[in-house]
Each structure stands twice: as structure tokens, then as C-alpha cells.
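S.K.: Build the full structure now, drawing on both the sequences and the hints.
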Amino acid sequence: MNGFAIVLSSDELERVQAVSIMSSVAAASDIPVDIFVTMNGFRAFDKEVIENADFNGGKAAEAMLNADDVDIPLYTEQLEQAKTLGPLSIHACDMTMELMGKELSDMVDLFDGTLGVAGFLNVAEDKQVIFV
Amino acid sequence: MTEQTYSPDIVVDSREAACPGPLMDLIGKVKVAESGKVIELKTTDKGSKNDVPDWLEKAGHELLEVVDRGDFWSLYVRKS
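The listed protein sequences correspond, in order, to chains A and B.
Counting in the working numbering, the first sequence runs from 1 upward without gaps.
Counting in the working numbering, the second sequence runs from 1 upward without gaps.
Among these hints, one or two may not hold up.
[Claimed, not checked] Cross-link-like lysine-lysine pairs, in silico, DSS-like; alpha carbons within 30 Å at most:
1. A:47 / B:37
2. A:83 / B:29
3. A:83 / B:37
4. B:37 / A:59
[Unchecked claim] Covered, in the sense of this in silico footprint (three residues per stretch, anywhere, with C-beta under 8 Å from a C-beta of chain B), are these stretches of chain A:
5. 14 to 27
6. 106 to 115
Since the hints were made in silico from the structure, they are not lab data.
The beta carbon of each residue, even a glycine, is placed where N, CA and C say it ideally should be.
M.R.: As C-alpha cells, this is what we get:
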């Protein structure tokens, strides 16, 4: 198993959380995972969005945010934990950062660095690619 | 309620945590535990009760027993 290369292009909480769950369990199980955060996916890692809990999403996101009987860690916490347990790398899309006028310092501290398309394709060449 | 039949070396209390919290907590402990150690995972998450055995099978660790304690489950695991 060469692992997964996940393109995260959505900021919908359900999708980001699902990516986080799958990536975290895979990486913790020693399956390499690279997440390429691009387009709207970038917004989900903006410090301001996290601090203000300004999430986009539908029914599942609403249920997750309103759950008071279970402890559901946000994707940022899951990914942080997973990075301590296994081979998980998170890359920010250079183009999106420029487009949005953002720097890595505007993002939560989870990124291993930035990549362009060619860089991501190099990372992904031996992995199963999942587009979200 | 079933009586406990294993004496764990390590207890992981993940009650109230949703998927994949219990599994992630267990993996964290399994990774640093010595071979042969018995770990008890406490979970209230039905999905994790079913998912953890699948992970154990793939990872090669032994599921010793699942005990229904009424308001939570105890999963006893032996690290390979």
C-alpha cells in the first residue's frame, strides 16, 4: 500500500471532517497520506474561520456542531493528533494562497509546506488519489 | 452484564468520544506498548465497537474479548 493523496477542494465541514477522519486513521495505521489543500478547501484552515467557528456545511455539520452528548474533536485536532502517530503531510496550494492573498501564517499550524501542481503530482504519483 | 475476564496492563478511557476518537486513542497506546501487553479500550461509540476489530485484524493485533458493560463496551486487545 503506497498510501493516499487527497485533494481537498471544499470547505464544507462534513467533507473536511470526513477527510480528516480517513486520513487520521490511515496515517495512524502507518499508511502514508498526503493532503493537498486547494481552492475552497483552503478556507477551512484559515485561523479566523476556526476561531469564529464560521463553518459552511449542511445537516451533518449542524448535527456535529450541536452534539452535546458526544465529544467530536474538530478536524484540526484530529489531524494534529494524527501527525504525531503516523506519516501524514499536509500541503497548501501555492496558487490558492496567492489567489486569496493569504500566507501560511494566516493558517492553522498544520501545514508541512506549500506545493504547486507539479509538486503535488510528484507526491501523488505512487498513491491512490482521492478528490474531495 | 458480562464479567471482566482479562486484567489489562493499560486502560484507555474513550467514553463519550465519537468516531474515530476511540480508535485513534487505542492506536496511540498500541504504538508505544510492549508486545504482549493487554489494553482495555472503553468506548460508548457503537461505530467504534465495530470498527476497532476491523483495524485490529488489519494491524495484526489480537482482539481478546468485547464486554458489554451496559452503558459502554470494554474491548480487550493484546498487542502482537
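S.K.: So, for every hint listed, does it hold in this structure?
M.R.: Here's how the hints hold up against the structure:
1. A:47 / B:37: 41 Å, violated
2. A:83 / B:29: 15 Å, holds
3. A:83 / B:37: 24 Å, holds
4. B:37 / A:59: 42 Å, violated
5. 14 to 27: holds (count 3)
6. 106 to 115: violated (count 0)
In the structure shown, a violation is registered for the earlier hints numbered 1, 4, 6, in ascending order.
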